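Asker: Protein chains in written order, with my numbering: chain U, 1 to 268; chain Z, 1 to 423; chain V, 1 to 460.
Fair warning: there could be bad hints in the mix.
[To be verified] Derived BS3-like pairs: lysine-lysine, alpha-carbon spacing no greater than 25 Å straight-line: (1) V/453 / Z/418; (2) V/426 / V/359; (3) U/115 / Z/301; (4) U/109 / Z/301; (5) U/155 / U/134; (6) U/134 / U/115; (7) V/453 / V/359; (8) U/155 / U/115; (9) Z/35 / V/453; (10) Z/301 / V/453; (11) Z/159 / Z/301; (12) V/454 / Z/301; (13) Z/35 / V/359; (14) U/115 / Z/418; (15) U/109 / U/155.
In short, the hints are calculated from the structure, not lab data.
Small disclaimer: the values here were computed from a predicted structure and weren't measured.
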Amino acid sequence: MADMIQSPIQAADAAASSPKMTARGVSVFYGEKKAVDDVSIDIHREHVTAFIGPSGCGKSTFLRTLNRMNDTIGSARVEGRIELDSEDIYASSMDVVQLRARVGMVFQKPNPFPKSIFENVAYGPRIHGLAAGKAELDVIVERSLRRAGLWDEVKDRLAESGTALSGGQQQRLCIARAIAVDPEVILMDEPASALDPIATARIEELIHELRGNYAIVIVTHNMQQAARVSQRTAFFHLGVLVEYGETSAIFTNPRETRTKDYITGRYG
Amino acid sequence: MTDMAASIDPSPTDWNGEAMRRRIRRRYAAERRFKLLGLAAILVSAGFLAFLLVTMFSNGISGFARSEVRLDVDFPRSSLFLDPAALEGFGADQALAGADFPEALNEAAQAQYGDSGRSLFSEGAWIGLRDAVRDDPSLLGRRATLWLPASTAIDIAAKGEGEAEAERLKARLAEAGRVRTGINWTFLRGSDSTDPSAVGIWGAFKGSLLTMIVTLLIAFPIGVLSAVYLEEYAPRNRWTDMIEVSINNLAAVPSIIFGLLGLAIFLNVMHLPRSAPLVGGLTLALMTMPVIVIAGRNAIKSVPPSIRDAALGIGASRIQVVFHHVLPLALPGILTGTIIGMARALGETAPLLMIGMRAFVAAPPGGFADPASVLPVQIFLWSDEVSRGFVEKTSAAIIVLLVFLLAMNGLAIYLRNKFERRW
Amino acid sequence: MSLGAITLLILGLGVVAWLAARARAAAFAAPDRPRPHSLPGQHGWYVALWTAVPALIFLAIWRQVSGNLIYASVMASPEAAALPAFDMQRQAILSEAYALATGRAETAFNPQAGILAPVYESAIGFYNWIGLAVALLVAFAGGAWAYSRVSPQFRARTRVERIIMMGLLVASLIAILTTLGIVLSLLFESLRFFSMVSPVEFLFGLNWSPQMAIRADQAGSSGAFGAIPLFWGTIFIGAIIAMIVAIPLGLMSAIYLTQYASSRLRAWMKPLLEILAGVPTVVYGYFAALTVAPAVRDLGLSIGIPASTESALAAGLVMGIMIIPFVSSMADDSIAAVPQAMRDGSLAMGATTSETIRKVLVPAALPGVVGGVLLAVSRAIGETMIVVMAAGLAANLTANPFDSVTTVTTQIVQLLTGDQEFDSPKTLAAFALGLVLFMVTLALNIVALRVVKKYREAYD
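Chain U on its own, in the form it takes in the complex (with noise of 0.2 Å):
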């Protein structure tokens, strides 16, 4: 059965081992309405994967079912099977806690707590117990602040409120927290949608360093910023997965009309 289901990009795929997540005939309906419609997809160690398609495809729904942030929308319902490392993450003794922790996420609109930047680092290591005490905390902050490329810029004023950042800083302040507790998967969802451009260039700059060490997931409406960051480029429409591939022959040679159709600009 799972030979069967098998995509080819995996067969073709040869270097890397085992995907770090599996997605097997995912399906979400909100309520009624099904917004995702049977989606199966790898996710691969350090590979930068794009989710692209038209606003309202079930790109960003899909996303959130990756670390279950569906489950805080009441009417939300997923179907299918997702698999982290081979544990199935809908699974009863998987604790949706520790998944989130494992799968991180940055929202579209940056969101740090109304809390200085050396509390918003911290807040999650802490709630994990990842550091025994104030000097390893330390450690941990100044790491993911200088991973995140913002360290230079706020190493003189951690105590003050992380809102009162630019909007760019505020959002590598956000994957600098997400990345605090040492997450496998980074899910980011249109991370730059927010932001100038010389700020998405900075993101963009950052997701191509952080690749080395974690899975990361994107989710952009746009197709030059997947083009840029991304090894792989799922493209969805209408809560289907039409075409799934290397980057590069997605944007140049994509096997499926609508896909060409959508990167060419006839529709979105």
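We have chain U already, so just place chains Z and V on it with the hints.
Answerer: Leaving out everything else, chains Z and V in the frame of chain U:
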């Protein structure tokens, strides 16, 4: 169709004609009248408030003052057989309690002012005598001049509205420089009494304080936790609907009904002590809780969902999200609502009458289970007294109550302005 | 050992349990092992809750149960045989003995209380020891069981959070319990009342004089419980006189503040009006009795109507003033909810502001205003202190505002003050009146909220 078209005057409207001008003038006059009417309504309302406050203040301010009459006491020749040495150290209180100060006052007053001398002084004036001796035992060895609280009749006369005879008496005293006005410490330190010149509000104030502590300790946690549950976790079902309907209705139930509830449940079923701050506080807590729930829900609702997403996204549990992020951010709003609810409870009278808090309580309550009065009830009780001396005391107590309510509401407004966050 | 001390002891045990479980859980964490599910502190809370909460629940129940057991054992003692049979005397002695035994009193006025005190003391001591033993047993059993479950895989956090969630649910159920408590206590006492006085007489009788006879053979001993004069008085003061004052003043204030006033005047006047709502009712009552009532009486006398000091007019006037802010804020909200387009439409065809207000805004906002007035009426008829202090006690069925009338709330206060036996119709009548008041205000509120809601939906 054709008929109607024919009946309409085809000629253009004459906007500058005399009739039209008159009409416009009339309409503008109506406009001005209407506007004036609105202004008058506002002014009447505000004027009434001002009138009320001015009445209370002008009546009550004299309640904080008292008239004192001069008394020369020749201690060595008085009937006080007290050894100054006995007033040092341990036996002092007992020695004081054993001495007959009322009689000593009687003698001194008669010696100085004649047979009716005692009636110039308040019934409790001997306490002033006793306190003077306690503070300075050396007085016992000499003649001393003391100022002691005047009787109610003299006090009222000194404040300008006494009866003719008292007025004459007071005028004579004033001529001789034997009457003066001082701060009425008894009013601030004392408790209820049958003599208006000896009453104080400290007892009622302490009763209010204890009652409010019980109310706060019960209503605040229950109110906040209910608000959190309803706003963050409650599933949409019949139970939740019932809770919501209950809370909204409780907020509109007349306060006296809560008094009936307190009487039936806390006193008759649970046999808690009558007239006690404990029962008063419980009753008022049930009344205040819906206010806190409603304010709490609004405050929690105004915390943006993106904060919840952010915390959930790094693996905070739903409980952690609320207790680490949502509640701290909603706290100023919750506190504002709580203070307003508490201010309402502080001014509440009717439910407390139901649970027996209208007893005559002459000593401040020592604990939550002791019989106590509270400020508004004390006001109600004094307002019922026939003696004229109680009028200024009632108004003075009202001033105290209003000052506290104003302070609480001011604090609420300050909190709201200071911590109000725009997202 | 008193129950308070036992409670503290249990809480102390909870702290010990917290420390022990935390230490045990902290030992799981090691760099080479997989991360445990929950933090040490969460394990600590889990064990502490299991140690303290069941034991405290037991203590709370025991407090009630042991009170009865102590009473029973004292009554069964030979010393109690000498107690007087008359209930009130006996209760006084018993409560004095109890105060002596618990150290709240030092000397007994009644010698019998002095004899009973040691009996009480030993009974209290005995049952408190039982309480202590069982509470400790429960605490240790709960704590040990929870402690045995502490392991790296054990989901202490989830468990603790489930307990917190239960606590939240229980807190929100208090509201239902309160409502239930109100309804049941009113219903229960009212039913007792209606078993003595027929509901028809109560609801439709024209004569109210609730005095009960001291002797059974006294003339006019039965008392009359016809509540119509009270209902009329309540409506006369709360729904007629007060509204005649409050509706025009409140509505015109709202109109002026929303439509004409400069923003500075508005910023000042709105809170000023709110203060009117924040003044305690006992202050209004005093004001009505002290200042307004004599003025009203003088007015009545000057126009040749014999007037009493306690008049419906004085109470109604002051109540109307108190209600102004309710009417004005409801009217304010309703007018603000009328779409701007309606106002613009009227102004654009040359209507003056007042014409727009009178012909467009107020009619459009009318349902909201009516809802607000209904809420204000429900508030006014439930108001107690103003009428208690200014309206009087005479149950007159009169439409003369200078006459004295009485209201439902006044009579509730009147019936329940003073020491009454709790099974006389006089006391129980207060609960029947309370029930009527509760039902009427509830109905008014439900109707008002429905009207307002419908109105809001029309413009959303």
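Asker: Hint by hint, which ones does the structure fall short of?
Answerer: 1, 2, 9 and 11
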